[in-house]
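Okay, here's what each chain looks like letter by letter:
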Amino acid sequence: MAQQQRPTTRVGKAADYLDQRTSIGALVNQLARKVFPDHWSFMLGEIALFSFVVLIASGFFLTMFFEPSMALVRFEGEHPAAMQGQLMSAAFRSTVEMSFEVRGGLLMRQIHHWAALIFVGSIVLHMFRIFFTGAFRKPREVNWLVGALMLVLALAAGFSGYSLPDDVLSGNGLRIIDGVVKSIPLIGSYLSFLVFGGEFPGEHIIPRLFTLHIFVIPGLLIALIALHLFLMVLQKHTQYPGGGRTDRNVVGYPALPVYVAKMTGNFFIIAGVLTLMGATMAINNVWNYGPYDPSPVSAGTQPDWYILFVDGALRLMPGPGWEWVIGGYTLSMNLLIPAVVVPGILFTLLFAWPFVEARVTGDRGEHHVLDRPRNRPVRTAMGVALFVAFMVCALAATNDLIATHFSLSIFAITWVLRVLLIVGPVLAFWVTKRVCLGLQRKDRELVLHGHESGRIVRFANGEYVEVHTPLDEQERWLRVSYESPAPLEIAPLTDSRGVRRAGYRSERRWQRLSRFFYEDRVEPVTPAELEAAHAAHAHGRHAQVERPAAAVGAGTERPPQERA
Amino acid sequence: MKALAARRHHRLAPVVLLLLALLTTGGIYAALAPSTANAETVSTADIETGKKLFQANCATCHGANAEGTDGVPSLVGVGAAAVDFQVSTGRMPMQMSGPQAQAKPRQFGDEDTAALAAYVASLGAGPAIPTDDQVDAAQGDAANGMALFRTNCAMCHNAVGAGGALSEGKFAPSLWETSERNIYQAMLTGPQSMPVFNDANITPDEKRDIVAFLVEQREGSAGGNALGSLGPVSEGLWAFAIGLGLLIGAAVWIGAKSS
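As they're listed, the protein sequences go chains V and G.
Straight run, no breaks: the first sequence in UniProt numbering ends on number 564.
Straight run, no breaks: the second sequence in UniProt numbering ends on number 259.
Please keep in mind that the hints were generated in silico from the structure rather than gathered at the bench.
Being a predicted model, the structure only gives us computed values, none of them experimental.
Glycine included, each C-beta is placed from N, C-alpha and C at the ideal position.
Any given hint might turn out to be false.
Claimed, not checked - Some chain G residues near chain V, calculated using beta-carbon distances under 10 Å:
#, residue
1, 99
2, 151
3, 169
4, 246
5, 254
Using the sequences plus the hints, can you model the full thing?
See the structure below:
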């Protein structure tokens, strides 16, 4: 017996050697059989993960040649011609030299920068997926926080890396950061001096950003990625709703061989696409911007896309009248509002959302089946509204390019976007909510009456009826197996003895918010309703069923109905 | 000599010295100052032709004697360089009113343009058309040109001359298609919203350096497709359109394979 179990292949022998010393076999066995559900949108996080791997690999290469110093030097290389004999910082010179003198240096720089843009992009898309499908609900609130923290770190990584070459473009970005830091009341100027080691630009910021960029931020990111993935495995992956999928199971494929193969393949695709982009599309040609000097600012100065919204908010903010001098101290609301308050609101919303939503839903259950976005109209509408606000700000940051490329007046664009920043999200919220409710009603109709078949039948009495084909089990499951929470019910102001209850006012506020979320809603079809509809269909009395169903649809506009 | 040396402490000596110094500087300036009104080899016949062309095509707005009308500048003293720039880039005669006159296919050939320039130059002294030597990029220093461009031009024209927006629908055009002579003339005459960079401000040699830098930009930059050289906005757009487009496409493909 013992003889039979001895592995014969080379891989088997190596695995056995390892297992005898670590007993890792049991763990591998468990992981290999772990089941993951399948959907393309579950791979958005994977794109982020693998672009991070590419970032680490290419970044490692770049650190071999980058010189994080602001010492003043003269460029002595041949290429590019526009840099010959110019004075610049050592950081800038080493960036140009690694691009023109180091074999593969420019390719690596470009891969690194493209990967950074894709990294943040895929994180944002991944978050959209999580948000709109409600994957942040219990038990995954902590993992949402970990993810949101990683988004902040990714922005920090991006911005610190963008600033490292010490070129005119990124220097202008740092100058804006300096202004924003200085606008913080009371501690602003001290903070700015702390960050830059004296008056801007000083001689310390590049080495400091370098330490953050290659050591602190990636270190934290790696730790958080490990935690993120660990929690994902521990809590199991969520799955889209569908036949047989419940909060107590996971329907999918085993990690080995299916997902290991898919993930490996995806890694090569991602690395391949990033390399292709780095090889064919120029990005951040710093020698075009020139070495940093605080005096010039060129047209078309913008940050990388993920910081555009802050730049745009700054451009939209009216200047005059917003710089208040109070008792000899200047309070720059024109900087504080767009550059501190706006991102503050965005990130507060991001971090607080799972907890706020759980509170207004009165929800304490575990959720492993995802929501269809239409089934949570207010959440979906809020997400779209936030996206619209983000896009308006991002567009505002590109106002000069819009002006030249579409022959528009830059002032007109700014005013239109100012109005849109207020009106756009409200409008987007309203439209999205209506669309969601409409889709839910359509689902109800489908479940109750089936698909339109296009076959018209005329009865002997002359009545025409279209024959509907009923939904199959899978289709119906998708449309009826969701929860439609009702607004919170709270105990009355006074208890049974007529004494005012403590905490009533706070509960009342939460109830109001809860009403905002769930007052308008469409209930899923209940088995009883379905049976009634089927019975009516069976008798060919189609017209009678139509009316109560329509009444239910309209009734959802009013305060919640009581339903068994 | 001895007499002169003896009087060097005279109380009027500083005044005399000052006068001498002023005379010398003035004299040197008169000798070296950029001669604006170049006595070119233009015949009176050219000027006559130019005058006729002017009266037929330009006088409606600029006045019969180029003295200007309401909101339209006088052309007395703008010089041949301004005329050559405006007419050879097609900006003048203007086709329609708008925030600014836009470049379009030119309406006059070289000879007619030269005649118009000669006529306007005859009205009053102004900057002359630069010589081929003055705009020869091969003689310029692109590195110095870039440094000058960065401090003087890039805030409107973008770091490498891709163009940029100005207020109220006006814009600084892209410079990649502009001829060397036109770039030089624009600096010299400051068309439309552009400030004049006279020869005291940016010397002729420095202007040539700037021309050299801009000529170098026509070949594009290292690293592949320049994506319009518009900076991070176009890079972000392409990161989403191409990068994430391809990667999400791949994800859909991978996700679809099993189900």
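(request) Would you pick out the hints that fail for this structure and give their numbers low to high? (result) none
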